[in-house]
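Chains A and B, in that order, give the protein sequences.
The number in the working numbering is simply the position in the first sequence, starting from 1, with 62 added.
The number in the working numbering is simply the position in the second sequence, starting from 1, with 62 added.
These are calculated hints, taken from the structure and not from any lab test.
One thing to keep in mind: the hints can contain errors.
Identical chains share a label here; the pair holds if one copy fits it or two copies do between them.
No farther apart than 25 Å at their CA atoms in a straight line, the calculated lysine-lysine pairs in the DSS-like style are these [claimed, not checked]:
1. 170 with 213
2. 117 with 129
3. 244 with 386
4. 213 with 129
5. 386 with 170
6. 101 with 170
7. 117 with 386
8. 386 with 129
9. 386 with 143
10. 129 with 167
11. 68 with 101
12. 460 with 244
13. 88 with 101
14. 460 with 68
15. 129 with 465
The model shown is predicted, which means the values in this text are computed figures rather than measured ones.
Here's the letter readout for the chains.
2 protein chains.
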Amino acid sequence: MSFSIKQTWIECIGCGFQAELLQERKFKCPKCGNLFDIKHNLDLLEMYPAGWTQKFDARARRTDLGKTDNPLFHSGVWRFKEWIMPYLPTNDIVTLGEGNVPITKAGKNLLEWIGGDIDLHIIQEGMTPTGSFKDFGGTVMMSLAKTMGIKTVCCASTGDTSAMAAAYAAKAGIECVVILPKGLVTPAQIAQPLVHGALVIMLPGDFDDCMRVQLELTTNHGVFPANSINPSRIEGHQATVFLLAQHFGWELPDWIAAPVGNGSNVSSIGKGLRLIQEQLPNIGSSNILGCQSRAANPLARSWNLANNGRWDEGVDRRNFWLEKYVDIECGTTTATAARIGAPVSRDKVMREIALSRGAMTVAQEEDLNQAVFVCGRDGLFVCPQTGIALAGVKNAVKNGWIKAGDRVAVVSTANGLKFTESASENPDRRMIDSSDCSVESVLDLISAYS
Amino acid sequence: MSFSIKQTWIECIGCGFQAELLQERKFKCPKCGNLFDIKHNLDLLEMYPAGWTQKFDARARRTDLGKTDNPLFHSGVWRFKEWIMPYLPTNDIVTLGEGNVPITKAGKNLLEWIGGDIDLHIIQEGMTPTGSFKDFGGTVMMSLAKTMGIKTVCCASTGDTSAMAAAYAAKAGIECVVILPKGLVTPAQIAQPLVHGALVIMLPGDFDDCMRVQLELTTNHGVFPANSINPSRIEGHQATVFLLAQHFGWELPDWIAAPVGNGSNVSSIGKGLRLIQEQLPNIGSSNILGCQSRAANPLARSWNLANNGRWDEGVDRRNFWLEKYVDIECGTTTATAARIGAPVSRDKVMREIALSRGAMTVAQEEDLNQAVFVCGRDGLFVCPQTGIALAGVKNAVKNGWIKAGDRVAVVSTANGLKFTESASENPDRRMIDSSDCSVESVLDLISAYS
Chain A
63 MSFSIKQTWI ECIGCGFQAE LLQERKFKCP KCGNLFDIKH NLDLLEMYPA GWTQKFDARA
123 RRTDLGKTDN PLFHSGVWRF KEWIMPYLPT NDIVTLGEGN VPITKAGKNL LEWIGGDIDL
183 HIIQEGMTPT GSFKDFGGTV MMSLAKTMGI KTVCCASTGD TSAMAAAYAA KAGIECVVIL
243 PKGLVTPAQI AQPLVHGALV IMLPGDFDDC MRVQLELTTN HGVFPANSIN PSRIEGHQAT
303 VFLLAQHFGW ELPDWIAAPV GNGSNVSSIG KGLRLIQEQL PNIGSSNILG CQSRAANPLA
363 RSWNLANNGR WDEGVDRRNF WLEKYVDIEC GTTTATAARI GAPVSRDKVM REIALSRGAM
423 TVAQEEDLNQ AVFVCGRDGL FVCPQTGIAL AGVKNAVKNG WIKAGDRVAV VSTANGLKFT
483 ESASENPDRR MIDSSDCSVE SVLDLISAYS
Chain B
63 MSFSIKQTWI ECIGCGFQAE LLQERKFKCP KCGNLFDIKH NLDLLEMYPA GWTQKFDARA
123 RRTDLGKTDN PLFHSGVWRF KEWIMPYLPT NDIVTLGEGN VPITKAGKNL LEWIGGDIDL
183 HIIQEGMTPT GSFKDFGGTV MMSLAKTMGI KTVCCASTGD TSAMAAAYAA KAGIECVVIL
243 PKGLVTPAQI AQPLVHGALV IMLPGDFDDC MRVQLELTTN HGVFPANSIN PSRIEGHQAT
303 VFLLAQHFGW ELPDWIAAPV GNGSNVSSIG KGLRLIQEQL PNIGSSNILG CQSRAANPLA
363 RSWNLANNGR WDEGVDRRNF WLEKYVDIEC GTTTATAARI GAPVSRDKVM REIALSRGAM
423 TVAQEEDLNQ AVFVCGRDGL FVCPQTGIAL AGVKNAVKNG WIKAGDRVAV VSTANGLKFT
483 ESASENPDRR MIDSSDCSVE SVLDLISAYS
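All chains, full assembly: derive it from the sequences and hints.
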């Protein structure tokens, strides 16, 4: 037993039932079936605000990293270990050096496209070992698996989650099983789990069949889940908030915008905001903007029905929102990684949007694709899911939620290199054929088209 | 005129002819046709060793980056501005925040595969805005173009260079033309220039036709080249050496290994080593290991013929090497980005291998592919060109050039996500079909295969 229930435990978000994290394998409340939160007793650490920021700044400032193996210096997630998994033995940390991602100011094309006079920044969580934000949570999930003595982890994702699970399992020396629908995944989507040595099982069915098998394996056969019902994932994703606060000199931005698929990102941002506001009382506050595509908008659609524009009164309308909520059948979208009609973390998303006095918004397909191309014109290659969040910010500026002068941070969730097909198909692209291989023909084309 | 010939100039590596950098458009010596070096008069800066390291460490230590736009803090290349392009106006810097790449210790599978008891580190230059090491040089090339008032840059690369050129040109507001062979490039290879708004011209020929047109555009029509005949690229790539030295607390590793295609990487590493050894006399020294695939080995093949294993006597055998050198027709390799039979920077590579008392080696195709998979088992997804360098290190350990206890840094040149097809085809992969979608079948497969 590496930590006691007085230090870290799990607690049902529905009925408050508590249990020991290290004994848990099903990640579903046995009383009411709802999701678990991980809770830590930070009072035991007896730290004061300036103590936290000095400690975290000192870790970030280390320049001779070749002289230490300590993950608290190498990882931008574990830099904040005391806020993420304080009682985990440092020796059990499984890291690939994730989390030191650039946070960059929006370029001029993007600012012009969004409109308004806002201070816009993008945290590039695709600049991670496996190319997506999943690594922030993955390093914590796999470290916990190591502490618990887990032999096999399993997931049914076809994209970012399977890449993350396979890479971190390889690093940990833990077996990883990835369940994919045969014939429905591209070679690019299976390359990462294969390279990282996962056992890839192809099912003669669709993604829902894979997910059903995965959940049954977890619930009835003790197979440790790598997907986001595992609350340790959420702990790591909180680093998004901590990194942003540190970047701005320990101030929170006015808004944090993120795309919502299964909802782990918004769930974590909200949890991280509540934690940092408790530990650093003068840090200010952020509203969360949850963004969904038109094709996969169960949370944004029901939020619109329930709130009718009355988003900013500070009233917790979660019950009314839940009444209006229904799972949906997804339409077509280039933002395939967020194409989810029944988000696993639904109730956590609702909680965090409400508590942060945030909002939900729907990105039109045309807008999210345009956002990718507009960022490209600033030299930044983002994924279509980031396009959802950027189109959402544009909406929120237009309808006055985000105001002139507001500082806004957008979570860019994956590397554009994972989504090259849709990026090539933009109607504004400039690609022309030369009639022959002469310099004259090429010069003619350059003067005609540039 | 933003800097004078007394501060920065170009000098032919063959005959020593000097000219003004800002006036140059052809990047070819008018006297003897050889390549140019960029030279700076660093004495004008009047700095002493501890002054340099204190300055560069202070820039790396900044944690509240949201409060400054200064690229000397944001970019891991421009952190070393005084060593890279000291007299360039800081306002002209075109940066995408490149260069803050992780340098990670080799995992246990890789160490076991390479053998020997070496201290192996990998600098992950695929963790850059466009996913390859080209960004290190690209930021300097495009900044110079901006200073010079260039309106259009052009290149004929089908992969990493075109992505880099398009992204940095977009950021600079400069037109970018990319010339590609129609039907011979994948959608993934053209996605990046298209997203970044480059004018993509498809020629009805092969890559050699594209390159010929590109060179004629530069030589006869004043089109600014983005490829590595442009010596400003080399200046930026020197940051590899500076980052490694800083990472190890201002010590050089015993060896720096890199793949060699056109040769810009080895050219820059050597130039950077000579510079840092002059400025920090106590920093030690590194031997450069230049690595080529069996399919594209003109430099390694001729080095073997000329040196006959007598690599370590410190004798400069460049003339003999050049005598043995012939361009080759390339064979087939998964390391397509280094598949070059007539390297543009040939003479610079020869100079730097000789001056660093380094060596060249040939990676077998099987070994370079195996290296990718072995890294994958440590949770790291590298490109096949990195596989060449890792297989080269394995050779050098086997034949005793690299000795037990040596510290070795390998340059990982691109993100594995750019090379998913070859990565999926590894014979050691584990992918199996389930006969049906039942949990029982999947459980049977898990127990049989894991």
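These are the hints, each one checked on the structure:
1. For the identical chains of this complex, residue 170 and residue 213 are inter-copy neighbours only, at 19 Å across copies versus 49 Å inside a copy, given an alpha-carbon limit of 25 Å.
2. When the C-alpha separation of residue 117 and residue 129 is checked against a cutoff of 25 Å, the pair qualifies both within a copy, at 19 Å, and between copies, at 20 Å.
3. When the C-alpha separation of residue 244 and residue 386 is checked against a cutoff of 25 Å, the pair qualifies neither within a copy, at 35 Å, nor between copies, at 52 Å.
4. With identical chains, the CA atoms of residue 213 and residue 129 are never at most 25 Å apart, being 32 Å at best within one copy and 45 Å at best between copies.
5. In the homo-oligomer, the alpha carbons of residue 386 and residue 170 never lie at most 25 Å apart, since the shortest distance is 39 Å inside one protomer and 52 Å across protomers.
6. In this assembly of identical chains, residue 101 and residue 170 lie within 25 Å of each other by CA distance neither inside one copy nor across copies; the values are 42 Å within and 34 Å between.
7. Taking the shortest Cα distances, residue 117 and residue 386 never come within 25 Å of each other, neither inside one copy (45 Å) nor across copies (58 Å).
8. With identical chains, the CA atoms of residue 386 and residue 129 are never at most 25 Å apart, being 56 Å at best within one copy and 42 Å at best between copies.
9. Within a single copy, residue 386 and residue 143 get their C-alpha atoms no closer than 38 Å, and across copies no closer than 57 Å, so neither meets the 25 Å cut-off.
10. In the homo-oligomer, the alpha carbons of residue 129 and residue 167 lie at most 25 Å apart only across protomers (11 Å), although the nearest pairing inside one protomer, at 32 Å, exceeds that limit.
11. Taking CA atoms no more than 25 Å apart as the test, residue 68 paired with residue 101 passes inside one copy only; the shortest distance there is 10 Å, against 64 Å between copies.
12. Taking the shortest Cα distances, residue 460 and residue 244 never come within 25 Å of each other, neither inside one copy (43 Å) nor across copies (42 Å).
13. Proximity of residue 88 and residue 101 under a CA criterion of 25 Å is satisfied intra-copy only: 17 Å inside one chain copy versus 64 Å between copies.
14. Taking CA atoms no more than 25 Å apart as the test, residue 460 paired with residue 68 passes in neither setting, with 48 Å inside one copy and 53 Å between copies.
15. In this assembly of identical chains, residue 129 and residue 465 lie within 25 Å of each other by CA distance solely across copies; the values are 20 Å between and 46 Å within a copy.
Of the hints listed earlier, those the structure fails to meet are numbers 3, 4, 5, 6, 7, 8, 9, 12, 14, in rising order.
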